[in-house]
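J.: Taken in order, these protein sequences are the chains called R and U.
Position 44 of the first sequence, counted from 1, bears residue number 43 in numbering that gives the first Met the number 0, the numbering being contiguous throughout.
Position 169 of the second sequence, counted from 1, bears residue number 168 in numbering that gives the first Met the number 0, the numbering being contiguous throughout.
What the hints contain is simulated information worked out from the structure, not anything from laboratory work.
Since this is a predicted model, take the numbers as computed values, not measurements.
Hints are supplied without guarantee of correctness; some may be wrong.
[Claimed, not checked] The calculated DSS-like cross-link candidates involving lysine-lysine, where the alpha carbons are at most 27 Å apart (straight line), are: (1) R:K69 with U:K177; (2) R:K177 with U:K177; (3) U:K34 with U:K69; (4) U:K221 with U:K177; (5) U:K66 with U:K129; (6) R:K177 with R:K221; (7) U:K34 with R:K129; (8) R:K155 with R:K177.
There are 2 protein chains.
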Amino acid sequence: MRYKAIVRYDGTAYNGWQIQPNGITVQQVVQDALKSLTLQEISVTAAGRTDAGVHSYGQVFHFDCDKQFKDITRAINSQLPDDVRIVSCQEVSDEFHSRFDAKWKQYRYVINTNGYDPIRRNYEYQLNEKLDVELMRQAAKEFVGEHDFTSFNATKLSEMENQVRTIYRIDVNERNGKVVLDFYGNGFLRHMVRMMTGTLIEAGKGNITDGDIREMLQARDKNMVHYNVPACGLYLMRISYDDFS
Amino acid sequence: MRYKAIVRYDGTAYNGWQIQPNGITVQQVVQDALKSLTLQEISVTAAGRTDAGVHSYGQVFHFDCDKQFKDITRAINSQLPDDVRIVSCQEVSDEFHSRFDAKWKQYRYVINTNGYDPIRRNYEYQLNEKLDVELMRQAAKEFVGEHDFTSFNATKLSEMENQVRTIYRIDVNERNGKVVLDFYGNGFLRHMVRMMTGTLIEAGKGNITDGDIREMLQARDKNMVHYNVPACGLYLMRISYDDFS
Chain R
0 MRYKAIVRYD GTAYNGWQIQ PNGITVQQVV QDALKSLTLQ EISVTAAGRT DAGVHSYGQV
60 FHFDCDKQFK DITRAINSQL PDDVRIVSCQ EVSDEFHSRF DAKWKQYRYV INTNGYDPIR
120 RNYEYQLNEK LDVELMRQAA KEFVGEHDFT SFNATKLSEM ENQVRTIYRI DVNERNGKVV
180 LDFYGNGFLR HMVRMMTGTL IEAGKGNITD GDIREMLQAR DKNMVHYNVP ACGLYLMRIS
240 YDDFS
Chain U
0 MRYKAIVRYD GTAYNGWQIQ PNGITVQQVV QDALKSLTLQ EISVTAAGRT DAGVHSYGQV
60 FHFDCDKQFK DITRAINSQL PDDVRIVSCQ EVSDEFHSRF DAKWKQYRYV INTNGYDPIR
120 RNYEYQLNEK LDVELMRQAA KEFVGEHDFT SFNATKLSEM ENQVRTIYRI DVNERNGKVV
180 LDFYGNGFLR HMVRMMTGTL IEAGKGNITD GDIREMLQAR DKNMVHYNVP ACGLYLMRIS
240 YDDFS
């Protein structure tokens, strides 16, 4: 049987999603949980990687397993640490693929524009400066649509030729001194959300204009954009398998 | 000179505010910071203790120090770990006492009534059950006013005879699946906010009535109330030196 699971995690203690030689990763603890449960080596495939410190409310992964469970969600959770939690796990078609079938994703970035908050230090970017949200909203429109995001990601060009992605929508909201950006798109390259956010922050400070962002996009130049923001403010909110509407 | 400071902290890693033989405490790291700064042993006195795991946005302490600083807030913060932060520190009258002069305090308790959230596990109580907020609001009125809270705290009677306190107001609000309780009072005994919260949760589940709470208060019996809730949902929000209005 193939299973599709949605997983929430606090990324603070992890070296990202994907298994790697150094440091514990979320994929590792999920696979360890499945191993203690089934006594089999089960590899899971996620819709996307998240970097060290990035959080998830909506990561999706799939895996194959020939055992049946009365309540597989509860069974896996019983083997997981308390900073990782399966929200749902259900049987799907053998054809389902968490990454290839995904139609769009939502990422959120949270910025604290008030004073430093030690309680939220691992869960939002402590910018601790005021931003002009209306300027950010205007600037965000430059990213919406289909663009070559070569200038706005940390993947080397040699690794992936096609860096064209479509952003469907960007929402910029402010509440209680937090600026929250929600990005909806058909795919996101490495550091792409963080680099767009860093750029929108510069727009919100009045340091760059919409025209500057257009130029950065058109340049398709890896050395063009140096704006970035910490991983701790980033949340993978949702992976959708339906068309964006 | 006497100084008054307001300190925020993430209580997760600490064995509460007050210095003790086992485990690191917030008071300890604050005094260590003052020692590295002044090369003197400086003892600080807080408005109230907080238990292990309890957070603060508004703890106040005072201390005496004969050195002068250009920017004492910044100086102390430079010596503190990133989960403790001085919000303000200023010279006050030598007569000022953080605890004796406090007129009222605000504590907040946050309950997640939606599904388990690993990202907020150390910052709100993961009740993960629905509550009737209107029932809680009604029940909360029983605590407002001057009462003997003997039944609603964990201090032994022998340690402190007078367990009469005045609650000025309790607000019960719900937003996005979180129930937030704000308690304003002239003083709070050990576990008092957590025991009142546990009791209000039972009211919100329909398990107890307003009359039951009246009986519990009137009983003045340490064995009467067994409702309590985890420390992680509790925040010391404010210490005020003005009359409550």
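J.: Does each hint hold? Answer for all of them.
T.: Going down the list of hints, with the structure as the test:
no.: 1; hint: R:K69 with U:K177; result: violated (30 Å)
no.: 2; hint: R:K177 with U:K177; result: holds (18 Å)
no.: 3; hint: U:K34 with U:K69; result: holds (17 Å)
no.: 4; hint: U:K221 with U:K177; result: violated (30 Å)
no.: 5; hint: U:K66 with U:K129; result: violated (54 Å)
no.: 6; hint: R:K177 with R:K221; result: violated (30 Å)
no.: 7; hint: U:K34 with R:K129; result: violated (34 Å)
no.: 8; hint: R:K155 with R:K177; result: violated (33 Å)
Hints 1, 4, 5, 6, 7, 8 from the list above are not met by this structure, while the remaining hints are.
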